[in-house]
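Novice: The lines below spell out each chain.
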Amino acid sequence: MLAVRELALDLDAFEGPFDLLLTLVLKEELDLAEVDVAGIVLAFLERLAENATRPVSPAIHDGSTDTTAAPATSRRADAPELDLDACGEFLVLVSALLELKARGLFPDEEAELADLEPEEAAEELARRLAAYRRMKDAAGWLAERLEAQRDRFFRLGPAPLAPRPEQKLAPQDPAGLAAVLRVLATDPPQLSLAHMALRFPPVSQFLERFRAVLGRRRRFDFDAEVADLPRIDQAVAFLALLELRRSGEITIDQAAPFAPIRVAREETVSDSERTSTWTLRSA
Amino acid sequence: MDAPLRLISSNPLDQLARTVEALLVVASAPLSVEELAIAADDGEERVETALGLLAERYREGRSGIVLERVAGGFAFRASRDAAEACSRLFERPVQRGLSPAALETLAIVAYLGPCSRPEIARIRGVAADSAVAGLVERGLIAEAGREDAGGAVRYRTTPLFERVFGLDSLSELPRLDDLGDSSDEILARLHSVAEQRSA
Amino acid sequence: MDAPLRLISSNPLDQLARTVEALLVVASAPLSVEELAIAADDGEERVETALGLLAERYREGRSGIVLERVAGGFAFRASRDAAEACSRLFERPVQRGLSPAALETLAIVAYLGPCSRPEIARIRGVAADSAVAGLVERGLIAEAGREDAGGAVRYRTTPLFERVFGLDSLSELPRLDDLGDSSDEILARLHSVAEQRSA
Chain A
1 MLAVRELALD
11 LDAFEGPFDL
21 LLTLVLKEEL
31 DLAEVDVAGI
41 VLAFLERLAE
51 NATRPVSPAI
61 HDGSTDTTAA
71 PATSRRADAP
81 ELDLDACGEF
91 LVLVSALLEL
101 KARGLFPDEE
111 AELADLEPEE
121 AAEELARRLA
131 AYRRMKDAAG
141 WLAERLEAQR
151 DRFFRLGPAP
161 LAPRPEQKLA
171 PQDPAGLAAV
181 LRVLATDPPQ
191 LSLAHMALRF
201 PPVSQFLERF
211 RAVLGRRRRF
221 DFDAEVADLP
231 RIDQAVAFLA
241 LLELRRSGEI
251 TIDQAAPFAP
261 IRVAREETVS
271 DSERTSTWTL
281 RSA
Chain B
284 MDAPLRLISS
294 NPLDQLARTV
304 EALLVVASAP
314 LSVEELAIAA
324 DDGEERVETA
334 LGLLAERYRE
344 GRSGIVLERV
354 AGGFAFRASR
364 DAAEACSRLF
374 ERPVQRGLSP
384 AALETLAIVA
394 YLGPCSRPEI
404 ARIRGVAADS
414 AVAGLVERGL
424 IAEAGREDAG
434 GAVRYRTTPL
444 FERVFGLDSL
454 SELPRLDDLG
464 DSSDEILARL
474 HSVAEQRSA
Chain C
483 MDAPLRLISS
493 NPLDQLARTV
503 EALLVVASAP
513 LSVEELAIAA
523 DDGEERVETA
533 LGLLAERYRE
543 GRSGIVLERV
553 AGGFAFRASR
563 DAAEACSRLF
573 ERPVQRGLSP
583 AALETLAIVA
593 YLGPCSRPEI
603 ARIRGVAADS
613 AVAGLVERGL
623 IAEAGREDAG
633 GAVRYRTTPL
643 FERVFGLDSL
653 SELPRLDDLG
663 DSSDEILARL
673 HSVAEQRSA
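Those protein sequences? They're chains A, B and C, same order as listed. Residues in the first sequence are numbered from 1 upward in steps of one, following this note's numbering. Residues in the second sequence are numbered from 284 upward in steps of one, following this note's numbering. Residues in the third sequence are numbered from 483 upward in steps of one, following this note's numbering.
No lab work stands behind these hints: they were computed from the structure. Please read these numbers as outputs of a predicted model, since none were measured by experiment. Note that beta-carbon positions come from the ideal geometry of N, C-alpha and C, so glycine has one too. Please note that the accuracy of each hint is not assured.
Taking beta-carbon pairs under 8 Å as the criterion, some of the chain B residues facing chain C (in silico) [to be verified]:
#, residue
1, L306
2, A323
3, D364
4, A368
5, G408
Given only the sequences and the hints, what does the whole structure look like? Please build it.
Specialist: Written out as structure tokens, the structure reads:
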């Protein structure tokens, strides 16, 4: 069993186990902006490959497919629980880091946080994560609600033999037209930096992207799919892949360590389940 | 039309009639017997019999909902007794002005001349499709050719627009000297603000 | 609301109920008690009584047409028994499941609306442009003015949203306090990792 907390990291800004990194980040003794989260992901992947190659060959396992020469039975006995448990825990912790980091990229918020004591800053970060989690849960509630309303049909649009309402418009003041154009020509109150967060892509972006690809094709080659992306995006994309595997939406196989990763749609998962189980645990 | 026996037992006529009334209350156009039969997964003859039952239940003097046979098939309508109430419902004076989206779109088209939907969207920072469609439906703007061969359709204001806004011509629109000397200048300014907004 | 005496005599409750069912069968959106009372030219209390009669007649299991209370008013829909037949002929407005991004955006607009795309992006940490555009196109959210002069367009949920999700009003959404983990819990979980380290 690969203990994620003990994952040894050797990054520019930090050297030591993963949980110490988290501790330092929470105590604000380490600036998350300085931390190469992609480096953490790569370290984890290396450990994963190491552990997997020791007993048998493949780097990533999927119980349902067998692409190696090794007998399926011995492989199952040695490795799969390691991958899934460790990946699950790793995902929770790293996605928390990703979110904290993405939010840290808002300069005004950073300034706000800088004024706070370390414990207050941690509380503030937890508060923001909680706000986001509530919206994710609300989205889940809406998905369930929609599913429950599936057999309610009602008319959209006018009734077939209803009178057509006459849309009479009261006289209007042309000054209103000039006023809205002046509003449109007014400089925005402040420059929004919301797009800064995009520099660090969230996992959900790749969840959506891969689901869209799988909507069109039954299987795809992960390496080819992310070949054009920067390294950090590839790392986040891989996290998304693990999350999809965890929720049972895909099967993954890889012939050998560092061989191309093949992704296939898991046919048993219905659309509705898919929309409700996607939620990525973020903290 | 085949009406297998199993249907007669599993789907008595009364249930079929309920299915048909459900279909009719959801439809936004009259439904033919054939359409009803396909949707109800039953035979056309049985559907006609069910329609007969419904015609009896939903008839003038007995119900506010009346089943009517029209050119395209069958549809529900309001009873004649309720005509006055219906006209009050539909002819409520629409004193509502224009929505903010409609007003912005209209201002852009009125001040900047023939304008395409992509152009309007660029200035507003959001899609203008439904606002444009709504204004066309109300007759306040109309198509005015294309940008180039094969380009997007452009829109201009209509004479109705001038009447509603009490203008003899577009030259009577309030001046916007504070925004620029020409419509080109105003346009350039709107573009630059839009870019800042979306940055 | 004044319900003149002449109405009580000339328009017994049964007739009012017929008028109300006529109004509901032609309306293109749920009608509030107030709208029904104005159109029927009768009192709101009497309209509510008439609606009670109709609810009894048009209910699941008894009729293919069902009266429901939704989106702040009353409307007819097809009975659930007829869902299969309806699905052969009609599409629900949201036939296919909404994407996770769309659902999250919808939740944010429903709870915090009116709110703008930058606000939504701030909470989600991802640009919300395509999700917003998709929801506008489906008619589940709509523009609701701008933040400030030159500010971003804000969005709110539409009555169609309430109807599609079978809500009488937004107050039927679960309380935000009951959703997710409290920030205390999240903080505790983050700290537990740190504590296990030092232990």
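Novice: Each of the hints needs a verdict: does it hold here or not?
Specialist: Okay, the hints, checked on the actual structure:
The restraint placing L306/B at the interface with chain C holds, with a minimum CB-CB distance near 6 Å, inside the 8 Å limit. Hint status for A323/B: holds, given a least beta-carbon distance of 5 Å to chain C, under 8 Å. The closest approach between the C-beta of D364/B and any C-beta of chain C is roughly 7 Å, which is under the 8 Å cut-off, so the hint is satisfied. The criterion of a C-beta within 8 Å of any C-beta in chain C is met by A368/B, whose closest approach is roughly 5 Å, and the hint holds.
Given the 8 Å rule on beta carbons, the hint for G408/B holds: about 7 Å separates it from the nearest Cβ of chain C.
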